[in-house]
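So the protein sequences, as listed, match chains A and B.
Be aware that the first sequence starts at 1, since it is given in our numbering, and climbs by one per residue.
Be aware that the second sequence starts at 1, since it is given in our numbering, and climbs by one per residue.
Note that these hints are calculated values from the structure, not bench results.
Each statement offered as a hint is correct.
With beta-carbon atoms standing in for the labels, derived distance ranges:
#1 B/ALA297 <-> A/ARG223: 16 to 26 Å
#2 A/ASP235 <-> B/GLY278: 30 to 40 Å
#3 B/GLY369 <-> A/ASP23: 45 to 55 Å
#4 B/ARG100 <-> A/GLU293: 49 to 59 Å
Computed footprint of chain B on chain A; a stretch qualifies when at least three of its residues, placed anywhere within it, have a C-beta under 8 Å from a C-beta of chain B:
#5 215-228
#6 251-260
Positions of the beta carbon are idealized from the N, C-alpha and C atoms, including for glycine.
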Amino acid sequence: MDDPVGIRALTYRLGSSEATLEDLEAEGLLVSPADLLRSFGFDRVRIAESDEERRSLARVAAQNLLEDHDVDPLDIDVLILFGGLPPEPAPPGEDGELIGRFRYPVGRLQHELGLNRAVAFAIGQQGCAALISALRVARSLLIAEEARNVLCVGVDVVPPGAAREVVYNVLSDGACAALVSRPWERLRPVAFRQVTKGYYWDSPARRDEIVAAYFPTARNVIREAVGAAGLTLDDLSLVVPDNVSARSWEILLDLLDVPEERAFLGNAARKGHSISADLVVNLKDAMEDRAPEPGAPVALFTFGFGANWGAAVLRA
Amino acid sequence: MTASTVLLTGATGTLGPALLSHLLHAGSVVALLRPREESARRRRDAVLAAVQRVDPGAPVGRLGFVAGDLAVPGAGLGPDDLRRLARDVTHVLHLAGDSRFSLPLPEARRNNVHTTLELLRVVESFDRLRAFGFVSTLYVAGTRTGDIREQDLADTTFVNTYERAKFEAERALRARRTDLPISVFRVATLLGSARTGEVRKPTAIHQALRLYHRGLVPMIPGDPVQPLELLDVEHAAEAVARLLVERSDAGSTYHVTAGPGETFSLGELIEETHRGFGDLDPAWKERGIEPPPVVRARTYALFERTVEESRDDAMVAVVRTMSTFLPQLIYPKRFARINMEAALPDWRPPPVREYFQRVLAYCLRSRWGRAPAGVEPASLSR
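Given the sequences, and given the hints that come with them, work out the whole structure.
Now the structure itself:
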């Protein structure tokens, strides 16, 4: 019962092709001018080139995690697939029967990975905040001793030809995987705070209100998550952001009175906003780059349209 | 002392009817009304009705009108009107002004400074003039911080063109204090009627409350503990009327403020607004709007710059509206009220807490001035 729950392994895979803001602008895939987006902290994104790559991103990310960390697929008890973009429904069967719609990506992923003992389900409709829900569910299952290994896999791929900008954020294609295990001492999730405000469900209609609501709610959610962990903002050794506009993070950190150097900023320019995979991308890179002391408090925060604000506090 | 005859400009403004009520009890009043397309009779009737709504017992038979426009030479007064005013008027109260914060400076000057100078030229011929009162703003102190004395009028920078124009008008008046009995009444921000909550003309603070209600205020610059100088219309009117007619010492300036402990801090204003909207508008409460955090100047400036750069028309409009007055909050001030207390020691406005919720209720009922306040809208939100 007292076994610690921690994130045992992290990995991610971004689209194989790189495009600059100017490339995207030339192809008409941006809403805002490239120079404006650059001033907001973006520079380039990663794009999955082929249908095959788009289909296989999640599998490749998860496969890499299992192989790199020598995890037997049969040791996975639960598979959670998550994403920010709503998945396109599978087409109906040839005769129009609805059974075609039941071709779930999570079942296929379980099959392709050989996770034959795992229960598989998906988490969605939380925008970029889906990872926080996946981690929270994984931790709850592990604490309840209903599992020893939960594999969380996230994937978001922008449909070919669609604009790669959402409200001044430039989108990459990407997938990630996080293996949450018991017992595991490192990267222990110790507190979560999530807020969903359904009033803002119609994002285009409520766009300005969402912009105004973002900062006060984000500040409160992060403070409350840190408080729930028995910590203060001063105790945080590392803040792991999502890869939205660097300017918005600058403002949010100022609101929180957290020095910028304690946040792992910069990946938005290098890797773009890979929607629900961002936090895994940045957590993995930050652990390698900043190497926080074991047990040091690390805060994760993201916002997803819908509208969802989510924060987690981990012990490194 | 003989009864007063007051020439009043700005009778149709926020303070007009409440001031008229007080002035009419003390004597007679001639209200200077600008000639407009709307019939003079209708405008006079509107002023009379507004006074009677404020004070059903007001002796409105003592209220007269004269057509004039301070934007033109001689205020557009005919020779007969000018002669009559010069003969009868004992006090002048210059209440008219253009309180829009976003005007280009030349227009703000035209409507606040040039008009004041024109009025001074007119009153030079008034034989019986005992007092000339100018209604100004506390924020002629601009971006200064700390203790502001009533006699202070230091050149500084300003948050908006209204502040600057009022400062320039005061400076022009100060230069004439040797030959005219000029007093200046710097009035706090008027919230509305303490009795009914009525807001005759929404101003910047009501605009800010409206944006808050619409969920469009992400943050406010300033310090949560800094006091905000807020005042109800009835007591502001009483103070100005009494200072003009009973007590005004020529050459003095008065800070017409509620005094320490009777107003809200910025943090309290946000808290009370949040509570009020939640109590008065259940649909608003369900939206889960968070109180806007009070932030440092640099944080607000960064947000402002980001919105400007984003070129998001709607949000830019919101931020530009807020930025005509919110930055004043980053320049905390304490307004001394020595002259005020000496002149009116018995003047005691109610604490803002006593009537603030009535003002909010009025704003919601009247849809921020767009609907008759007696009509209960089906839904108060949006």
